[in-house]
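Chain by chain, the residues run as shown.
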Amino acid sequence: GAGVSQSPSNKVTEKGKDVELRCDPISGHTALYWYRQSLGQGLEFLIYFQGNSAPDKSGLPSDRFSAERTGGSVSTLTIQRTQQEDSAVYLCASSQGGLAPNGYTFGSGTRLTVV
Amino acid sequence: QKEVEQDPGPLSVPEGAIVSLNCTYSNSAFQYFMWYRQYSRKGPELLMYTYSSGNKEDGRFTAQVDKSSKYISLFIRDSQPSDSATYLCAMTGGNKLVFGAGTILRVKS
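Protein sequences appear in the order of chains C and X. Take the first sequence: its position 42, counting from 1, is numbered 42 in my numbering, and each next residue is one higher. Take the second sequence: its position 55, counting from 1, is numbered 1055 in my numbering, and each next residue is one higher.
Rather than coming from a laboratory, the hints here were simulated on the basis of the structure. Just so it is clear, the structure is predicted and the values come from calculations on it, not from any experiment. Among the hints, a few may not be true.
[What the hints assert, rightly or not] Okay, derived cross-link-like pairs now, DSSO-like style, lysine-lysine, Cα gap no bigger than 27 Å in a straight line:
(1) X:1108 - X:1042
(2) C:57 - X:1108
(3) X:1042 - C:57
(4) X:1108 - X:1002
(5) X:1002 - C:57
(6) X:1108 - X:1067
(7) X:1042 - C:11
(8) C:15 - X:1042
(9) X:1067 - X:1002
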């Protein structure tokens, strides 16, 4: 597609349940990022994938969070045993890689609410 | 202390006003400086980016970077109601973008 696609757009889950969030990047983009946006907190880096290299997981807040990227394309962010503090908008972005930021494109995000 | 500081606002101005949005940062390794605009329930979209110090102009928008002061600004001239959004500064020196908290801007007609 023309842009970065994320699904679902909204997710309400009960505390303690696992959730999976999906990101379809722009075709041909080798780099993929996950960020979390909480109210008034800006965007918090979670994880970065670049081609076949080992992902940069330095932003994952706990071992309940994991992500994978299959075939260098679609990525799934999994949150196990969700807690109320996990409620946020989870944003995915893709780019052609490298330092220059002009190629970063964000999806519209998944709004996660843990009740 | 956060790496990037940005006043969350909200900032409310009348239509036609000049708007000044600012961020300060602490990491001298940052090389690229960006401004993103985010409408409600949408992902951020890139407005402008600059490399190192200096000014860059694009239509009604001007971005300024002062690396000696670790201070960046975005100016919006002749502001319009359609400019009402959250403006996020971001910067990078490596693989990831580091964002400010975002400033909510409201332009009243």
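Hint by hint, here is what the structure shows:
1. X:1108 - X:1042: 21 Å, holds
2. C:57 - X:1108: Distance ~42 Å between residue 57 (chain C) and residue 1108 (chain X) Cα, so the pair is violated.
3. X:1042 - C:57: 25 Å, holds
4. X:1108 - X:1002: 31 Å, violated
5. X:1002 - C:57: 20 Å, holds
6. X:1108 - X:1067: 33 Å, violated
7. X:1042 - C:11: 16 Å, holds
8. C:15 - X:1042: 26 Å, holds
9. X:1067 - X:1002: Status holds; Cα separation ~17 Å.
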